[in-house]
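J.: Sequence lines, in order, name chains B and Z. Everything in the first sequence is counted per our numbering, starting at 1 for the first residue and increasing by one. Everything in the second sequence is counted per our numbering, starting at 1 for the first residue and increasing by one.
Derived from the structure by calculation, the hints contain no laboratory data. Where hints are given, some of them may not hold.
Derived coverage of chain Z by chain B (criterion: at least 3 residues anywhere in the stretch with Cβ under 8 Å from a Cβ of chain B; other residues may be distant) [stated by the list, open to error]:
(1) 95–104
(2) 150–158
(3) 180–191
Pairs of lysine-lysine, DSSO-like flavour, derived with a Cα cap of 27 Å [said to hold, decoys possible]:
(4) Lys187(B) - Lys134(B)
(5) Lys211(Z) - Lys92(Z)
(6) Lys61(B) - Lys73(B)
(7) Lys13(B) - Lys210(Z)
(8) Lys73(B) - Lys33(B)
(9) Lys32(B) - Lys262(B)
(10) Lys13(B) - Lys211(Z)
(11) Lys175(Z) - Lys211(Z)
(12) Lys50(Z) - Lys13(B)
The beta carbon of each residue, even a glycine, is placed where N, CA and C say it ideally should be.
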Amino acid sequence: MLVIGELINATRKKVRQAVIDHDLDFLQQLAKKQDEAGAHYIDVNVATGAGKQEKEIEDMKWAVQGLRKVTQKPLAIDTTSLEVMQAGLETHGPGAMVNSASAETGRLEPFLQLAREYDCLCVALPVSDAGIPKDVAARLEISKQIVQAAEKEGFPLDRLYMDPLAFPLGVDDQSGTITLQTITALKEEFQVKTTIGLTNISHGLPQRGLLNRTFVTLAIYAGLDSAIADPLDRGVMSSVLAAEAALGRDPYCGKLLKAFRKGQLVP
Amino acid sequence: MSRMEELATAIIEGDAAGIKGLVQKTLDEGSEPEDILSQGLMQGMEVVGKRFATEDMFIPEVMLCARTMHSALEILRPLLEAQEKKLQMKGKLLLGTVAGDIHDIGKSLVEMMFTANGFDVVDIGVNVSADAFVDAVKQHEPDVIGMSALLTTTMPAMAQTVEAIDSAGLRQDGKPIIIVGGAPVTEEFAREISADLYGENALEGVDVTKKALGL
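Whenever a hint applies, use it, and build me the whole structure from the sequences.
T.: Here it is as structure tokens:
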């Protein structure tokens, strides 16, 4: 399971302020903590909404440069803007993650081309200009368009992380099962990987940690390969390791025991 | 418990299955539709809004309360209209996500919170062009226009929509009120594009709107 650390995101207030103030130390600490907690990629979203796009490009370059100094982990460049993406990847060098492509106008081929050019993994959301597809069949249909575009662009499918879309259970009590069914169907239909924005699922409900780790366990069983999550949440990280061990994906329970020795497992 | 208290409780408990029967029974006993609404159902909604604000109730529960309210209004709305009385809601909110942006969850929460607080909400969907907003304002004559944008790349569309509404002459003396929100949107940005209000989240959106309307 590939864990993409979600904490450096300008929709979070403190991060937003740090980006505006160019408080590099704040972002670097967040990156280091997520690295040490076991994140494989560190997500970077600097969209503060203050200033023009040129500002976001500058902020992305600044953040990527600064974060690369304190972590060996590759970064996930998180933006909907092609220009910001390009700037982030250029600064980063090969081996980052593109977060994310979609089937919206201008978000598909150009993003896949960049991902190929910079030797990246690519997250893709099955959404289109028509909106967010509500059911499994509609999500698969748009996923198919994305897979076909990836094939056409020569982007390897085993580096394409399709997001089945996870939405708050609080808003739609069926959204969890739709996500799980979509994961299974994506893995059956295409030779792609899958990832989800995990913490969406528990938005607006109490005891979010309980829901997050229960859902990630179910999703791993359904075929989830990666999650965009909070790596500092020991409960979730422990459940990921436990689920992988339980499903026979952790030879000699090696990863589970290594985390135990580091004191990272919670009961 | 009085019949009005019973109605309020049915809203608070989200008794979507039982509410129509209870409303009908209260009508049969001779109560006026507008009293059922203002002294019964709305009282319940007030409690729901307060309990949600203190995290004593959660989104799915509030959704069920809103659905229960909708069911009750299916009976009351035609009766009130027959009496040529306007439905005494707190106001009408026209709500949409701006052009180029397809996010709808935040908008759904806003819809729910305004409904729960006694507003009549018209949701015109996602990826709504400035022209479509203008047409909808003409058609629905709202008291409040709510715009959502979840991306920094679609925030400019918010500015364009405000501009289009103004240049169509549809906002006079600050009416209708325009409120904006969404993850990357800030109070500063709201001022910059001359929106009237900004809501940090759905509930704050309701609060600032109620204040602006003098409620």
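J.: None of the hints should be skipped; say for each whether it holds.
T.: Verification of the supplied hints:
Counting residues of the region 95–104 of chain Z whose beta carbon lies closer than 8 Å to any beta carbon of chain B gives 3, which reaches the threshold of three, so the coverage claim holds. Here's how the region 150–158 of chain Z fares: 4 of its residues keep a CB closer than 8 Å to some CB of chain B, so the rule of at least three is met and the hint holds. Under the rule that three or more residues need a Cβ within less than 8 Å of chain B, the assignment of the region 180–191 of chain Z holds, with 6 such residues. For the hint pairing lysine 187(B) with lysine 134(B), the CA-to-CA distance comes to about 19 Å; that is within 27 Å, so the pair holds.
Note on lysine 211(Z) and lysine 92(Z): the hinted pairing holds, with a Cα-Cα distance of about 15 Å set against a maximum of 27 Å. Annotation: proposed proximity of lysine 61(B) to lysine 73(B) holds, straight-line Cα distance about 17 Å (limit 27 Å). Restraint check: the Cα-Cα separation between lysine 13(B) and lysine 210(Z) comes to about 25 Å, which is no more than 27 Å; the hinted pair holds. Taking the CA atoms of lysine 73(B) and lysine 33(B), the gap is about 12 Å. The hint holds against a cut of 27 Å.
For the hint pairing lysine 32(B) with lysine 262(B), the CA-to-CA distance comes to about 16 Å; that is within 27 Å, so the pair holds. Proposed proximity of lysine 13(B) and lysine 211(Z) is supported: the alpha carbons are some 25 Å apart, at most 27 Å. A threshold of 27 Å between alpha carbons decides the hint, and for lysine 175(Z) with lysine 211(Z) the separation of about 14 Å falls inside it, so the pair holds. Restraint check for lysine 50(Z) and lysine 13(B): the C-alpha separation of about 25 Å stays at or below 27 Å, so the hint holds.
Figure legend: structure checked against the earlier numbered hints; every hint is met.
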